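Novice: If you read the protein sequences in the order shown, they are chains A and B.
For the first sequence, the positions run 1 to 367 when the numbering used here is used.
For the second sequence, the positions run 1001 to 1367 when the numbering used here is used.
Hints may contain errors.
Unchecked claim - Restraint-style ranges between C-beta atoms, simulated for each label pair: (1) 1310/B x 84/A: 52 to 62 Å; (2) 219/A x 1084/B: 48 to 58 Å; (3) 1203/B x 124/A: 39 to 49 Å; (4) 80/A x 1081/B: 55 to 65 Å; (5) 1079/B x 267/A: 50 to 60 Å; (6) 50/A x 1084/B: 50 to 60 Å.
FYI, nobody ran anything at the bench for these hints, they're computed from the structure.
In this text, all values refer to a predicted model and were calculated from it rather than measured experimentally.
Beta carbons are placed, not taken as given, at the ideal position from N, Cα and C, and that holds for glycine.
2 protein chains.
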Amino acid sequence: MRDLADKCWSLTEADIEALEIGSGILGTGGGGNPYIGKLRAREALRSGLELKILPIEALEDEAKVVPMGGIGAPLVSFERIKEGREGLRCLRALEERMGFTADAVGCEEIGGQNSMEPLVTAAMAGLPVVDGDGMGRAFPEMQMTTYAIYGHRSTPSVMCDPHGNAVIFDHAISEKWHETMARACVIAQGGASVLASAPMSGAFFKRHAIPHSYTQAIGLGRAVIEARRAHEDPIAAICAREKGRRMFSGKITDLKRHFRGGFNVGVAAIEGLEDCRGSQGEITIQNEFLIFRRDGEMQVCVPDLVVVLDLDSGLPITTEVLRYGQRVAVLALPCHELLRTPQALEVIGPGAFGFPDLVYRPMSEAA
Amino acid sequence: MRDLADKCWSLTEADIEALEIGSGILGTGGGGNPYIGKLRAREALRSGLELKILPIEALEDEAKVVPMGGIGAPLVSFERIKEGREGLRCLRALEERMGFTADAVGCEEIGGQNSMEPLVTAAMAGLPVVDGDGMGRAFPEMQMTTYAIYGHRSTPSVMCDPHGNAVIFDHAISEKWHETMARACVIAQGGASVLASAPMSGAFFKRHAIPHSYTQAIGLGRAVIEARRAHEDPIAAICAREKGRRMFSGKITDLKRHFRGGFNVGVAAIEGLEDCRGSQGEITIQNEFLIFRRDGEMQVCVPDLVVVLDLDSGLPITTEVLRYGQRVAVLALPCHELLRTPQALEVIGPGAFGFPDLVYRPMSEAA
């Protein structure tokens, strides 16, 4: 399957800059700080590695794709830089444990730094990353991928930390148990490790991954960069491209944010500005921005994307960077249809985040 | 190495009864409730399995010995019965991961239920348990074995829970890291799992295990049973046999005990009775009884054994069974010399338990 390389395209530094912004937007505040991810990807590029993307259509049915991503709390990965080879150690240990050779790396989560993690590891291993991912955004837990939702068993998996520790989750009786054990373990490891899951076939990936996420994220980032360059409104550019809606403009007036069970959790209160003056916004956070309420009424919730942007620059703000006094715009972007099935909503709908009374109404229907 | 079987002796139900008491005494309150352990071992025996002990002298240098034990909090294992085949799943997964066949099972910890765990698993696998262990008592953490202290690397190890989850700690950069990750994970698994460590050679076991622990524990239990039968003082029998000292008699008047970080921790206050009237005893607990103070002054501390017995029956009381109003005797038994070296005291002396100012004075010297 080594001729996959012919079908790949390679990322440039400009692509990485665009991916930082695009994955930041799709990250809905989470997925790890994309700036840190960019630095790592750019460093890899400058050291001579090739960051290759394989079009999902070119993926062969029999190819073995290893899904990868960082695991932990964004807050930690923002403050503690990775050792750098965690992902490669995961990949090699997984290949050894299961007796196979990976053909490509899959992205677990296109949002935030987790868009970059697979690129760097794949580059070190001389492999491409397939143009797709398991979330089309960011979510806080591992069972929340379309891979897991549509039947992939992610164990055996390997988790490596910056110290050199390696743990194999050899068998988990469910995807949620995998998450529970790995979460406990990553906290013990310091809160920022990398995890590679059991390989899936190219056929499975093509059927159940959110397709074209890298193309989408890079295109989205480029649109923002171009709008800014042309002194146009980047927020309007994002909405036009993603069929999104601008929900609110305001100033952060209260921010409860803490670190619980390995997650960043909290609530941000936003006092309306401009045409929202007199209104009060509120965002519920668990690593990502989950729910946006206006004057107590729910406006957007998972799995649709709640995006927080700097009001002036149009650049995305992650949950750990959010602070009192920031002037922000809140956007809603519709999630991919693979996240909207009844099967998916059981795992990533509001009920799965502890809001059983909230009923998800797809943005597309409400519009 | 299958002819090891010739050199083994098999445990009877009477041996198991004696082991319950002896391992309870050596457990210094921890190691898991020995009564629960007894029930499992007896059940195994009655189902036709043979619980075999291999004399340590008969162990061949090249034999592969897999150390095993339950991991978790005694409180949990007392309330939630094991599924039963956790240990066997660990052993099989470890053999598969590392590509070897075990010749014998080693005991991590002779104290409490952990004396029984290896017996049941070994019986299921048709293997003997070597007459020795890694603690000569019970300790709360995994790096506190003579195996680890004297250089055995316990990873790769496998940990299995009652649900069917299996985790391989493939590489830990230190024994303490192994403990830290496994502890976090066992809490996520519900607090009572089984762990099998990387095999060691027979030569290593013979040199660094506490020898004859099963013989010792069973003999100790028998001495208590016989003294009780003859209406003699079982406490005196224990002291005579183990070169122990009776330190205190009294009534539990205050008991602070809670569950923190996967451990039972606490303090028990004892008001003196009999010849101790007017004195106040205090025991510090972390899964085991660690330190005994009389009127504020330290009398015994780890690694020497602080044993709490029912004042009338002479039977050992575990930390989770301890309760207000119990009339108890506190005994001190000297630990094995392998636990008293400077190398060992770094890992299992009072400093390792958060008491850097306490200086360990071996009982034998003080006597």
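Novice: Quick one: are residue 219/A and residue 1084/B within 48 to 58 Å, going by C-beta?
Specialist: This hint holds: roughly 56 Å between Cβ atoms.
Novice: Holds or violated: 50 to 60 Å for the Cβ distance of residue 1079/B and residue 267/A?
Specialist: About 37 Å separates the Cβ atoms of residue 1079/B and residue 267/A, which means 50 to 60 Å is violated.
Novice: That 39 to 49 Å hint for residue 1203/B and residue 124/A (C-beta), does it hold up?
Specialist: holds, 40 Å
Novice: Regarding residue 80/A and residue 1081/B, is the given constraint of 55 to 65 Å on their beta-carbon distance met?
Specialist: violated, 41 Å
Novice: Is 50 to 60 Å a correct range for the gap between the Cβ atoms of residue 50/A and residue 1084/B?
Specialist: Between residue 50/A and residue 1084/B, where Cβ atoms are some 52 Å apart, the hint holds.
Novice: The hint says 52 to 62 Å between residue 1310/B and residue 84/A; measuring C-beta to C-beta, is that right?
Specialist: holds, 58 Å
The structure shown violates the earlier hints numbered 4 and 5.
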